[in-house]
Structure formats: C-alpha cells, structure tokens
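*Asks:* Chain by chain, the residues run as shown.
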Amino acid sequence: MTVELAIIGAGPAGMAAAVLAGELGLDTVLVDEQSSPGGQIYRAIERAEPDTPLGPDYLAGRPLAAALRESRVDYRPNTTLWHVDPDGTLFLENAGHTETVTARRILLATGAIERPVPIPGWTLPGVMTAGAAQTLLKTADLVPEGRVVLAGQGPLLYLVATQLARAGASPGAILETAPLDNYLDAARYLGSLWPGRRLLTRGLGLVAAIKRAGVPIRRGVRGIRAVGRRRVDRVAWEGGELAANYLLLHEGVIPNIQISLALQLRHEWDETQLCWRPALDAWGQTSLPNIAVAGDCGGIAGAEAAVLTGRLAALDAALWLGHIGEAERDSRARPIQAALDRERALRPFLDRLYRPTRSVMVPAEDDIIVCRCEEVSVGRIRRAARLGATGPNQLKAFTRCGMGPCQGRICGPVVAAIIADVHRRPIAEIGTYRPRAPFKPITVGALADLEIPRCAATTKGETTR
Amino acid sequence: MFRPRSEARRPTVAVTVEGFKIAVPVGASAAAAVLAAGLDSVRETVGGSERMPYCMMGVCFDSLAEIDDVPNRQSCMVEVQEGMRIRRQIGARRIHPAAG
Numbered sequence: 001m002t003v004e005l006a007i008i009g010a011g012p013a014g015m016a017a018a019v020l021a022g023e024l025g026l027d028t029v030l031v032d033e034q035s036s037p038g039g040q041i042y043r044a045i046e047r048a049e050p051d052t053p054l055g056p057d058y059l060a061g062r063p064l065a066a067a068l069r070e071s072r073v074d075y076r077p078n079t080t081l082w083h084v085d086p087d088g089t090l091f092l093e094n095a096g097h098t099e100t101v102t103a104r105r106i107l108l109a110t111g112a113i114e115r116p117v118p119i120p121g122w123t124l125p126g127v128m129t130a131g132a133a134q135t136l137l138k139t140a141d142l143v144p145e146g147r148v149v150l151a152g153q154g155p156l157l158y159l160v161a162t163q164l165a166r167a168g169a170s171p172g173a174i175l176e177t178a179p180l181d182n183y184l185d186a187a188r189y190l191g192s193l194w195p196g197r198r199l200l201t202r203g204l205g206l207v208a209a210i211k212r213a214g215v216p217i218r219r220g221v222r223g224i225r226a227v228g229r230r231r232v233d234r235v236a237w238e239g240g241e242l243a244a245n246y247l248l249l250h251e252g253v254i255p256n257i258q259i260s261l262a263l264q265l266r267h268e269w270d271e272t273q274l275c276w277r278p279a280l281d282a283w284g285q286t287s288l289p290n291i292a293v294a295g296d297c298g299g300i301a302g303a304e305a306a307v308l309t310g311r312l313a314a315l316d317a318a319l320w321l322g323h324i325g326e327a328e329r330d331s332r333a334r335p336i337q338a339a340l341d342r343e344r345a346l347r348p349f350l351d352r353l354y355r356p357t358r359s360v361m362v363p364a365e366d367d368i369i370v371c372r373c374e375e376v377s378v379g380r381i382r383r384a385a386r387l388g389a390t391g392p393n394q395l396k397a398f399t400r401c402g403m404g405p406c407q408g409r410i411c412g413p414v415v416a417a418i419i420a421d422v423h424r425r426p427i428a429e430i431g432t433y434r435p436r437a438p439f440k441p442i443t444v445g446a447l448a449d450l451e452i453p454r455c456a457a458t459t460k461g462e463t464t465r
Numbered sequence: 001m002f003r004p005r006s007e008a009r010r011p012t013v014a015v016t017v018e019g020f021k022i023a024v025p026v027g028a029s030a031a032a033a034v035l036a037a038g039l040d041s042v043r044e045t046v047g048g049s050e051r052m053p054y055c056m057m058g059v060c061f062d063s064l065a066e067i068d069d070v071p072n073r074q075s076c077m078v079e080v081q082e083g084m085r086i087r088r089q090i091g092a093r094r095i096h097p098a099a100g
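Protein chains in written order, with my numbering: chain A, 1 to 465; chain B, 1 to 100.
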C-alpha cells in the first residue's frame, strides 16, 4: 500500500496534522499504538465525562478527536510502528500481523516522555511517575489508595495533584525540588509573562487549587529518596521524612525521540530544556527531505503548540506533495505562526523555573540504579566511563546498560550525562543511543507475516520499485 | 493498591489476573487491572526484583506481562477485553509458552 502522508502518533500534533492534511486532499494514514485518539495528554478523551476530575484543559482534546473521526483520514488505532526505512516504508503491527505501508512523506508526532528521575529507591513498587498515576485516572478512573506524596517540579506535578484531589485521593504533600536559584534565573524572563499570561494564569490557578485542597507544598526540597523493603513505605529528604504508600515523581518532560534517532535524523542538544531534539526548520522539516516532525517530539512546548506545529507541518506536506502552492501555504500559515508565537511566549520563563537540578541529570550516589531493565548502577556506569567508554553505545558493551527491553528509553539521558560528567565534556559531544528495530516487541509470527516483494518480483522476472 | 474513585460510574469487564477473576473498568489497561487486583508488581526483572509500572505509557517496559498466553506484552498499552487472562512476567520472557 502506498500513501502520500503517514503520520505517526495520534496526540494533539498528529490529530491536528491529519485533519488538516485530509482537508487539503492528501491521501493520509495516521498510525497510533493506542485504541483511541488523544495521545498521552488526551488519553482516553472519548470516554471522558463532562464532570471529569481531570478538568477543562483535558476536555479541550475532545473536539480534536471528534474532528479526526469525521475526517477522511485512514486512522489506524492499536497499530505499532516497529520499523521504518528512511525511504518511507513503514512496518506496522496490528493484532499480531504485519503490514508494510510506503509513504511519500512521513510526519513523526511521537510526543514527549517524562524525564527519568533516578533517585535512591525509584525502582521500588509504589514509586511511579506523576504521569503514570494520571494515566490510571484517565483510562480507568482509578486512584492510588493510602498516603500519596508527589515530588519534583513542573506544571504536570501541580496538575496531577489537583486532579487527584478532585478525584477524592488528595495527596498528603508536594515536595518541590526547584531550587531558589531557578526562581531568580526565571525572574530574568519576566518580560515573557505578559505575552504568556494565559498559560501563566492557568498555572497560578493550579497552585491556588492545591492550596484550597489543603495539600501542603514544601519548597526547595533536596536529596529525595524512596525507602522501603518490598515496596515504598516512606519518603525521606535532607531534613525530613513522611510516610507514603505511593511516591509520584516528575521532573518535566523531554521529547520522545526513539524513532527519530533510529532514523538517524540530525539531532541537537538543547541546553535550555536539557534534552536532545531533532534539528528542525520552522515547518518541522528534519535533516531527511521526506521526513518532518511536529509537536513535543521536536522540543517541549505543550499541547496547544503541538496542534499548531501539526498544522504547519500539514501545510508544508501539502506544498511538498504538490497539493497547494507556496503562496497558499504561507498565507494559511500566517495566523498559525502568530498563535504559535503567543503559545511559546512563556517557555523561556518556564524552562528556567523548572530546570532540573544537577542531581536529576547526574545522580550523586553510586548505588542508584540507572538502567531499570538490566539493573546497572551509577557506580558501574562511572567505572565503565573511566575505563574508556566514550559514549552510550560503547558503554552498552561494557555493562549491558540500555540493552534491556526498554532499549535505553529510560536510562539514555542519564547515561549520557554521567559519561559527560566523568570525561568533563559537554553532553552534546557524548551523543545518544542508536535505537534499532524492532522498536517494540513483536512476535515471530508478526515478523514471518512480512511479504517480501523483492523475492516475489525476482521470480516473476520483474524489477522492483 | 489502586481503587476506583468514589464517583466512578464506568461499566466493568471481567478479566483474570494470576488466575483470579476481577472486574475492571472498561478502558483500563491490563497493567491497571493488575494494580486494581491489589498486586504491587507486574513483572520481576531478570535480577529478581519486583517492579510496578513506572510510566504507564509504553516507555519503561516495567509492565511486561503475559496476556492471553503471549509473553512480553506491554500491559500498560493493552486495553482489557472480556475474559482476558493476565499473568505477571517473571524474569526473561519465554520464547513460547509451551517451551517453558
């Protein structure tokens, strides 16, 4: 099967891009791993009730999902992209079967992941990310029972606290890790507060809601650790501790670049957001001519911005595929770009305020597990780096770090930061893991399912492609 | 454990977790079913430590489980269906359930 445009991921960027691409007449397929549209931020949005404890910002995803359902886009839920060739061939698994689709152009809208928070005890049952608890509320109306402590920083931490409170599972405390220096540094960007006032008002509203719910916020907390034998039973930090049945961690989000790395697109280290992201132009065009990126996968800017970058990428795809001319692309793009500027206005302020501390990037204690899959500690990674491992890929061979089921998705950023620290070089020079297919586990049956056109064609004496 | 919020009014489906029957809300993932069943861990690592799903969104692979006899499934990304059989994954996946 051949299509003009294949979009990977049905979050805000992917949904918005697909709807506009459909309107512009592009033959479009939208692939997504989940059973319904929404991505992580609007996960299970089609089941949301009007009075959901998740609140109005969550419900904002509804019209997007509805527009996607009404569009003529070939939307494929429950479908996992397990390999992609740079020429545009996608290997898709659905219900144990593989299908290949060839796309003239690909738009990656794979969103963001939560930054790993490697503290002592983070592998104990009872410790999960704030986003994980939110996902349980979104998809299944489930809340953690017992005493819940949230720790870290960033808008999502406060959002999850208010949502849990509304759902009748009010957290016992929020331990905020943003150091005072961050507040001072962010203050240099006060100029962005007025253009970013809408987002700012929302943030202040969250903090007010937390206070109304009676959740104590402790600021400037350092040295957080999860303590317990078989599971977490308390949270300790420098100068205090609390009983906890659940510890929910969050230190912001970073681009989900597993597929863009596998495609060997050019990536850049973002020193402000402290993450890797694919190098993009203003339309989301990557270093490969037939591949673009939209949404948080290209740099963290939030769901509203993701919708806008999705639309810009759809317009550029329409030009690239010959559906519209340059003048039409540019005139349609102008209001979108203006809205995007407004949406991004508060970012410089937020990025400084919620910049993770050094201990999140490079955990101090040698016995902290970094690679959750192969159970490789900070100390072993440091030793391997001292022995001469110059980058994450070489360090794999030394320690098996990053060779477990998650393929380095979780440990990647931490491993690179530790190596950079040992060699006293910038992370930008250390690089990333090079992920390989299959991106997700597939059965041998799904692999055997592949039609191999080249062999078939050869027997018929035809040339391929 | 994870419990339904008090005002939850979703219909449920019946699945089995480690052989025990449990009703879980429609739309829940198989990983959510394990947590709702009162279990703290979905998988054990190759080193033998118990793990609760960390991210619930398909990144950490700490929700690997055996679902309807297929091992190595990311149970946080699989929606429950009536009659689904979910088992925790202990250590590395088996190549085939029959291979032991």
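Hints in this document: simulated from the structure, not taken from any laboratory.
Note that the Cβ used here is the ideal one computed from N, Cα and C, for glycine as well.
Heads up, a few of these hints could be off.
Claimed, not checked - Stretch-level coverage of chain B by chain A, calculated; a stretch enters the list once three of its residues show a Cβ under 8 Å from a Cβ in chain A: (1) 1-10; (2) 15-24; (3) 37-51; (4) 83-90.
Stated by the list, open to error - Beta-carbon label-pair distances, calculated as ranges: (5) B:Asp68 x A:Met1: 40 to 50 Å; (6) A:Gly191 x B:Arg9: 19 to 29 Å; (7) B:Asp69 x A:Asp330: 50 to 60 Å.
*Asks:* Hint by hint, which ones does the structure fall short of?
*Replies:* Per hint list: 2, 4, 5 and 6 violated.
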